[in-house]
Amino acid sequence: MRRLLAPSLILAATLAATPPAGAATPNDTLVMAWNLDALITLDPAQIAEVNGNDIMRNVCDRLVAFDMKDSSKLVPELAESWSVSADGLTLTFKLRKDIKFPSGKAATAHDAVWSLKRAIHLNFGNAANLTEWGFSAAKADEQFKAVDDHTIEIKLDKPYPPGLILSAAFTANVASVLNKETGEKNAKTTDGKSDYGNAWFKTQSDCVGPYRVRTWNANDVVIIEQTDNYWGKKPGLRRVLIRHIPESGSQRLALEKADIDVARLLNSDDLKGLASNKDVHIEQTLMHGFTYLAFNASDPILSNPKVRLAFRYLIDYEGLGKTIMAYRGAPRGSLVPIGAFGALDEKAGLPFKLDLDAAKKAMVEGGYPNGFQKKLILSANTPNPDLAQHVQANAAKIGIKLDLEQMADANLFTKMRGREFEVGLIGWGAGYPDAHSMVSRHAQNPDNRPEAKLAQYPTWRSAWADPKVNEMAAQAMMERDSAKRIAMYHELQKHMLENGPMAYMFQTIRPIAIRKEVKDFAIAPFKVAYETARK
Amino acid sequence: MTAAIETERSGLVGYLTAEVSRSPTQASLQRLYFGCRRFAQNPLAMVGFFVLVALILIAVFAPWIAPFPMNEQNLQTRLLWPSADHLFGTDELGRDIFSRVVYGSRITLQITCLVAVIAAPIGLLVGTVSGYFGGWTDTIMMRLTDVFLSFPPLILALGFVAALGPGIRNAVIAIALTVWPPIARLARAETLTVRSSDYIAAIRAQGAPAWRVVVKHVMPMCLSSVIIRITLNMAGIILTAAALGFLGLGAQPPMPEWGAMLSTGRQYLLGSWFLAAAPGLAIVVVSLGFNLFGDGLRDVLDPRDE
Chain A
47 MRRLLAPSLI LAATLAATPP AGAATPNDTL VMAWNLDALI TLDPAQIAEV
97 NGNDIMRNVC DRLVAFDMKD SSKLVPELAE SWSVSADGLT LTFKLRKDIK
147 FPSGKAATAH DAVWSLKRAI HLNFGNAANL TEWGFSAAKA DEQFKAVDDH
197 TIEIKLDKPY PPGLILSAAF TANVASVLNK ETGEKNAKTT DGKSDYGNAW
247 FKTQSDCVGP YRVRTWNAND VVIIEQTDNY WGKKPGLRRV LIRHIPESGS
297 QRLALEKADI DVARLLNSDD LKGLASNKDV HIEQTLMHGF TYLAFNASDP
347 ILSNPKVRLA FRYLIDYEGL GKTIMAYRGA PRGSLVPIGA FGALDEKAGL
397 PFKLDLDAAK KAMVEGGYPN GFQKKLILSA NTPNPDLAQH VQANAAKIGI
447 KLDLEQMADA NLFTKMRGRE FEVGLIGWGA GYPDAHSMVS RHAQNPDNRP
497 EAKLAQYPTW RSAWADPKVN EMAAQAMMER DSAKRIAMYH ELQKHMLENG
547 PMAYMFQTIR PIAIRKEVKD FAIAPFKVAY ETARK
Chain B
20 MTAAIETERS GLVGYLTAEV SRSPTQASLQ RLYFGCRRFA QNPLAMVGFF
70 VLVALILIAV FAPWIAPFPM NEQNLQTRLL WPSADHLFGT DELGRDIFSR
120 VVYGSRITLQ ITCLVAVIAA PIGLLVGTVS GYFGGWTDTI MMRLTDVFLS
170 FPPLILALGF VAALGPGIRN AVIAIALTVW PPIARLARAE TLTVRSSDYI
220 AAIRAQGAPA WRVVVKHVMP MCLSSVIIRI TLNMAGIILT AAALGFLGLG
270 AQPPMPEWGA MLSTGRQYLL GSWFLAAAPG LAIVVVSLGF NLFGDGLRDV
320 LDPRDE
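First to last, the sequence lines map onto chains A and B. Once you know that position 87 of the first sequence is 133 in our numbering, the rest is easy, because the numbers rise by one and skip nothing. Once you know that position 293 of the second sequence is 312 in our numbering, the rest is easy, because the numbers rise by one and skip nothing.
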């Protein structure tokens, strides 16, 4: 009875209409406000959006994790160690011996292998984390093997640099260790195909980790609470309650009134308003994502690298960074984000600034001294219209007439994926902190033919391919000497700065506003660790 | 009594107030004159009238009234509070909001006029033809009208804009498509009352073709109620245009369309309320003006109220 009563009281206290005064969140609970609109699944093999990823990284541990202090370093999590064979084709994980599922049942290599194969067989978008590295449904049984209860042997098709494949594949959601027994018990078979418990895992959890999913009411609340048989340190707070509050203004008010501890969706204006509030501090994290202008190189004018170069001089990196993009983005011109392996430093990565003379010069060199007219498509969400209008105003000064067309995100993505644009303002997030994550999509283009339909490659969307860049990227990816690899990526980035089909504007910043009662809330680009928070 | 003396005045006023008019021109001028006098006696209608005159003047003389170019950006002076330099403050890109509101009046006026010019003739034609001919023509045309009427106007406009693509021209077309059906209904009702009148029978007996009867003798009878209707609709048109702009489907940036400005201003509501307040106020004032003006016009033109 007590076990039931306590959570329901807490629920009532936090979810009920805001009491007039003296609201405070329970001492053992972290209350976080977010927009949960996009949350459609909690199955680690299926998660494709920010909320689910953020939550499940706290619910399910991974084989390998990023160092919370430095995301370009890897640390053991469920795997206590790993080794690579001399030929580089076999990767062996040694699992911890003390890992248990919340029920108390020991988690073994068999569960881990089942979870990996499951992701490949289910073949949601996430499976790409594995299939990109040569893993496939047909060969999965040979590629993933549980040698004994604590050893996993993985066969690779090429000798990839270990750091690269570990961070790209084995830190991802697909590298969670789910309970095979639960999955098989709840599996549903339709048309002879098993769903590997997908229907069950969509709303519940049974994996090794500090928390488990307790409740999820769509567009209302997600509650996770600590598990009993966790191998690691007990979470500082028993429970995390994530409330769906989709407006920035409401989140700000709730945070100021102490109805919530953490606000995840605040716009620049509200953050600026909160900056002077002593009860709140704002944690800004530089994410591995970008806002950028993409040019369609199948357009005769935009295929000219000098023209694209001119656009880079039309962006007021500094002015926008301090105003419109405050708390939202840091100026960045190079395609590899700061914090990733192989990134150019801040200065070398931003050789451009607002310079109308340089832009004009590039236009003259490109053969368009009198400018031209193009259409720029963009999302109607802030701050995109502001950014676009700013570029438009600067472009007008050197004779480029840009017509803006705002649209819903879904339309924008469809148009860009179909190459139906001239200039587009859009965003991209890298999956792991290695230069290859961006380079493989934003520099390499395996097949530029229109019928190839490589819509997941922004280079293909821009109808841009450069055999020399493809070659450089392929070599850099396979280089096993770190110093050499870094040098190769630097060279590639410098080449792309001048010639690439995108003008990168800002590296995404994730602002999180936290009340002062909450301490030790650890935040890194790829993980927001609820478990470290305490009050 | 002074009134008795005044009945015999000469000159223009005498011409306009004469008890017996001597020519058709004098008769129509007299009607106009008395109409204007009745309109002028209604203070609210005059308020509406002055708002419209002000709107037109502001739109025409925008470059002279606005202290700054509408798209001049300056990130150093963004989100400034209202002051002597910037009457309504500056927006998120440092543009003067007062100048933008002033230029925005051009867009609003342009949209409303274009919609009226497109929708009124369509509605009038469909309504009169349908009412005059009756039978199958009537059934088909009125069911078509019903189809349009069965959707809420904003939803219908949204649908059309989504299909045609965002932009001012498409917004005008979309709004016009939602405005004509009620006008057609009205014109049909008016037509039904006049089609069996003696004068129509007389014209037909003289051998006038149907189109001539409709255009020359039915349409003029419907005109006054259509004008009233479209004037009263203007407020709705402005609001629909603003709503489309608000949703990013109307005028595209950087055009200072009021609805779009309001939508941007919403992001800054807690810190800089004037971003939303200035265009919002402009929308309220202008749509109120059109409503008052339309009401006054109905009092004058609608004979049933006498």
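FYI, nobody ran anything at the bench for these hints, they're computed from the structure. It cannot be assumed that every hint is accurate.
[To be verified] Listed next, with one range per pair, are the computed distances between beta-carbon atoms:
hint, chain 1, residue 1, chain 2, residue 2, range
1, A, D391, B, Q95, 26 to 34 Å
2, A, A394, B, G290, 31 to 39 Å
3, B, F80, A, E329, 20 to 28 Å
[Unchecked claim] Looking from chain A toward chain B, a few residues come up when the C-beta cut is under 8 Å (computed):
hint, residue
4, I86
5, I370
6, A372
7, A376
8, D432
Beta carbons are placed, not taken as given, at the ideal position from N, Cα and C, and that holds for glycine.
Hint check:
no.	hint	result
1	A:D391 with B:Q95: 26 to 34 Å	28 Å, holds
2	A:A394 with B:G290: 31 to 39 Å	36 Å, holds
3	B:F80 with A:E329: 20 to 28 Å	51 Å, violated
4	I86	24 Å, violated
5	I370	7 Å, holds
6	A372	11 Å, violated
7	A376	16 Å, violated
8	D432	6 Å, holds
Consistency note: the structure conflicts with the earlier hints numbered 3, 4, 6 and 7.
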